[in-house]
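Peer 1: Residue strings, one per chain:
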Amino acid sequence: MGMTMTQKILAAHAGLDHVEAGQLIEADLDLVLGNDITSPVAIHEMDKMTVKTVFDKDKIALVMDHFIPNKDIKSAEHCKCVREFACKHEITNYFDVGEMGIEHALIPEKGLAVAGDVIIGADSHTCTYGALGAFSTGVGSTDMAAGMATGKAWFKVPSAIKFNIIGKPKKWVSGKDVILHIIGLIGVDGALYKSMEFVGEGIQNLSMDDRFTIANMAIEAGGKNGIFPVDDRAAAYMKEHSMREFKVYEADPDAVYDEEYTIDLSTLESTVSFPHLPENTRTLSEITEDIAVDQAVIGSCTNGRIDDLRVAAEILKGRKVKKGLRCIVIPATQAVYLQAMEEGLLKIFIEAGAVVSTPTCGPCLGGYMGILAEGERCISTTNRNFVGRMGHVKSEVYLASPAVAAASAVTGKISAPAELGL
Amino acid sequence: MQAKGRVFKYGDNVDTDVIIPARYLNSSDPAELAVHCMEDIDKEFIHRVNKGDIIVANKNFGCGSSREHAPIAIKAAGVSCVIAETFARIFYRNAINIGLPIIECPEASKGIEDGDEVEVDFDSGMIYNRTKGTEFKGQAFPEFMQKIIKAEGLVNYINSNY
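So the protein lines, in turn, are chains F and Y. Numbering-wise (my numbering), the first sequence opens with residue 2 and increments by one. Numbering-wise (my numbering), the second sequence opens with residue 94 and increments by one.
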């Protein structure tokens with residue numbers, strides 16, 4: 002029986018010729034990742050271990066991104082704990098204020114994830130690096146501690162769902178619309194314990210930033226990982242960003258899939274997830290009522306990359322954010338910030354009446370930098386719209402693409418760019 | 094190993110944001126996290142829960158963020174076991190890794206109501222609803238996971254293997 006892309010990568014890292022869905026394996030890790038919320042718990046767990054050293058100081062990444070620059074004393078204590086650990090163990094890839102970015106934008110940008118890798122991260126959106134043809138998945142802090150100490154992790158080999166991507170998306174339709182459409186189709190547990198394998202000629206019409214967005218939200222369908230084949234565009238990205246050799250794994254022709262879907266990009270429309278689950282999707286044309294919003298957030302590990310900011314700027318250029326609405330733009334990394342500055346995007350945002358923040362996860366998880374009051378609504382390019390996710394239990398988050406978030410920031414209600422004559 | 098207690102029943106897709114909201118993640122102290130456990134889905138939970146009580150939910154329990162603070166908060170609140178139709182995979186790993194007993198059992202999830210008195214035998218995987226006089230067979234853990242559970246978590250397991 003043939004293997005999927007994910008199964009081939011896992012087999013190679015477990016020293017096996019063949020694995021099957023359901024099999025428990027122990028795999029060697031190429032990278033272990035943590036952030037300022039999950040790493041302190043992992044460090045505390047590592048203190049209880051008899052192994053006192055890290056398995057490889059070059060294969061651990063600690064990224065301070067959730068509550069930094071620190072929002073309060075407790076979060077400062079957390080970062081201090083991680084900083085001291087990084088210093089003590091001489092962790093090469095420790096990124097603090099000034100160097101950091103939102104981890105899942107930063108890791109590919111720094112070339113720390115490449116095709117063929119097995120990566121675990123104590124953050125659920127670690128699945129992002131599947132865009133590069135890596136197996137990457139979110140775990141908890143104890144798994145992270147075990148990974149840092151031993152360089153290994155246990156996995157149950159997942160079965161897979163195949164998404165055959167065809168066609169070319171219409172103007173303003175992005176990777177975010179693709180993944181929201183898929184989550185609406187299969188549900189928030191539609192890919193539970195499974196890998197989501199994206200294939201097909203339509204992938205060539207998706208930018209790398211689109212692919213990062215799609216892989217990033219595999220977890221929102223319950224998926225263990227999302228993974229793309231390596232094409233010329235992915236190879237060029239890795240050559241530009243990484244010194245490391247990458248290894249391409251292709252699914253066997255007789256690989257077995259639990260389910261198969263065909264996604265025709267040309268038929269997709271701008272899509273919004275309504276509160277309080279990402280699966281509650283409606284296309285813009287299905288929204289007939291006016292949904293007034295109080296805040297628009299453009300950023301996060303899902304949509305804070307340069308393509309996302311370019312789209313938002315294209316819409317906000319020469320326009321004004323509606324009076325009374327707060328529009329918060331958050332470049333995901335320092336490099337994205339700098340590039341946005343050089344391209345004049347930040348000027349466009351500020352002239353439109355938006356604020357531009359230093360890279361942070363901040364509002365996405367209701368941490369800081371844009372918390373909602375009771376009864377408020379936010380249109381957001383982030384990834385979750387659970388109850389209380391961005392603030393008050395009675396606030397609401399609507400998930401959308403950067404194009405829809407930017408257009409809505411201008412009109413004050415959930416809107417397609419077409420409403421602005423674009 | 095057994096658990097016995099009163100049931101707190103919840104529905105589908107209980108996410109880790111409602112189990113422990115991110116506004117409290119500036120702490121990693123179990124006792125402090127426990128005070129806010131389930132706050133955004135059931136404000137009364139922490140006032141009503143007694144040591145040994147059991148959470149029963151429907152599908153996809155613990156979806157969303159990978160925060161281990163979620164099973165830590167549940168365990169520190171005194172909950173002895175979580176039974177659900179299905180668990181989100183990161184929550185599943187985390188619960189096993191920190192030694193919070195969990196059982197997948199769709200029939201039990203359907204046949205147990207809020208306030209029922211329930212007993213669980215982890216060795217046999219049997220779940221007894223003492224209020225209704227019914228019983229259910231939960232899914233057994235693979236041998237490898239049983240070793241982690243018997244070691245009371247991944248850290249002890251690793252300490253005995255490396």
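Hints listed in this document are in silico derivations from the structure and should not be mistaken for laboratory results. Careful, some of the hints might be misleading.
Rough simulated footprint, nothing fancy, chain F against chain Y, three-plus residues with beta-carbon under 8 angstroms [claimed, not checked]:
1) 111-125
2) 143-151
3) 208-218
4) 221-235
5) 242-253
Fair warning: this is a prediction, and the values are worked out from it, not measured in the lab. Using N, Cα and C, we set each Cβ at its ideal position, and we do this for glycine too.
Peer 1: Which numbered conditions among the earlier hints are violated in the structure presented, ordered from lowest to highest?
Peer 2: 2, 3 and 4
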